[in-house]
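Undergrad: Can you make the complete structure from the sequences, with help from the hints?
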Amino acid sequence: MSESPVTVLGLGDMGTALARALLRAGHRTTVWNRTAAKAEALAAEGALTAATAGEAVAASPLVVVCLLDYDSVRQVLAPLTDSLSGKTVVNLTNGTPRQARELAAWAAGHGAQYLDGGIMAVPPMIGTPAAFLLYSGSPAAFADHRAVLDLFGESHDLGEDPGRAPLYDIALLSAMYGMFSGVLHAYALVRSDGVAAADVAPLVGRWLTAMSGAVDGYARQIDSGDHATGVVSNLAMQSAAFVNFTGSARDQGISPELIAPIGHLMARRVADGHGQEGLSGLVELLGQERPGTA
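Note that the working numbering numbers the sequence shown so that position 284 is 284, with each residue one more than the last.
Read the hints as simulated data drawn from the structure, not as lab findings.
Here the structure is a predicted model, which is why all the values come from computation and not from measurement.
Idealized CB from N, CA, C, for every residue including glycine.
Do not take every clue at face value.
Subject to a maximum C-alpha distance of 20 Å in a straight line, what follows is the list of computed EDC-like cross-link-like pairs (lysine to aspartate or glutamate) [as the list claims (entries may be wrong)]:
no.: 1; residue 1: K38; residue 2: D13
no.: 2; residue 1: K38; residue 2: D69
no.: 3; residue 1: K38; residue 2: E55
Quick list of simulated restraints, FRET-style, between CB atoms [unchecked claim]:
no.: 4; residue 1: A105; residue 2: A196; range: 46 to 54 Å
no.: 5; residue 1: S248; residue 2: A210; range: 19 to 27 Å
no.: 6; residue 1: A130; residue 2: V200; range: 19 to 27 Å
TA: Below, the structure is given as C-alpha cells:
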C-alpha cells in the first residue's frame, strides 16, 4: 500500500468513486461519512474507516471533501480547526465562486492549503480517460498533490483564484443543462405524437454533434463583440421561426417552458434593432444583469 495517505470525507456516489480510484492506485485511504454504513463496501475493498470526521482528517495530510453543499462542508470542518493546520483540503463539492473564496480564506486562516475543484464527470467516469476535473487555489497544493488528483481524471489548473474552478464548473454544467432541456423537450414533442424517444434519438444525437461547432464560433463572436459578421441564420429569421416551436408544442399539448426563455430573448434582441445578428448577440442581454440586481 502506498505511503501517501489520503482522506475522503463524504461517501455519496461521487465520493465513493473518488475513494475507489485512490484504493485502486494503492493509496492508504481513510473514509468517513455521516451514515457509517456507506463506508462498509469500501472497507471491504481496503479502505480505513474513521468513526468521526476529526479522526479522518487526522489520518492524512491530504483531505478530499465531496459533500452535498458548502453548508455541509462548513458543518463538518468547523469543529476541526485545530486539526487543519498543515493539511491540504481539496474541496470537490459543488458551489459558487463566492463560497469557494470564502472557504479558502477560512481554511488559510486555520493553516490549511486549499484547492477548490469541479468534477466534469459522473461517478462511473471517475478514474477513466473520459473524466476531467477543474482546480483552482493554492499553486503549491496543486503541484504537491498533482499525482493524486490525476487519479480521478485529467487535471486542469485554472490558477490561484479559488473561485475560478467553480465558475468554470457552473459554466460547463449550464451548457449541459441547456442541451438537456432541448433534448427533453424534443422527446416530449415526438412522444405526444406516438413516436418513441428511442426512434428519434439517433437523429437528435447526430444533429447536436453537427451543431457543436457553434461552441467555438459563438466564443469568437462574443470575445470580439461582433455578432453579425458571417451570420447565416440571423435573429430576425430565427425569432420568426421560433413562434412555430412554441406553437407546435401547445398544439401537441406540450408545455414549451423548457425552451420558451430563449425565444423571449430573441424577440427582445430583434425589437432592440439587432435582427441582423446571430444567436451570440443574446449574451448582451444577459450581461445587463449584475450581482445584486436580481
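Undergrad: What's the verdict on K38 and E55, does the C-alpha distance respect the 20 Å limit or exceed it?
TA: 17 Å, holds
Undergrad: So does A130 sit 19 to 27 Å from V200, Cβ to Cβ?
TA: Cβ of A130 to Cβ of V200: about 25 Å, so the range 19 to 27 Å holds.
Undergrad: Falls inside 19 to 27 Å, the C-beta gap from S248 to A210?
TA: Since S248 and A210 have Cβ atoms about 22 Å apart, the given range 19 to 27 Å holds.
Undergrad: Against the range 46 to 54 Å, how does the distance between the Cβ atoms of A105 and A196 compare: consistent or not?
TA: 52 Å, holds
Undergrad: Given the hint that K38 pairs with D13, test it: the Cα-Cα distance must not exceed 20 Å.
TA: At roughly 10 Å apart (the allowed maximum being 20 Å), D13 and K38 satisfy the hint.
Undergrad: Holds or violated: K38 with D69, Cα cutoff 20 Å?
TA: 18 Å, holds
Hint check: no violations occur; every hint is consistent with the structure.
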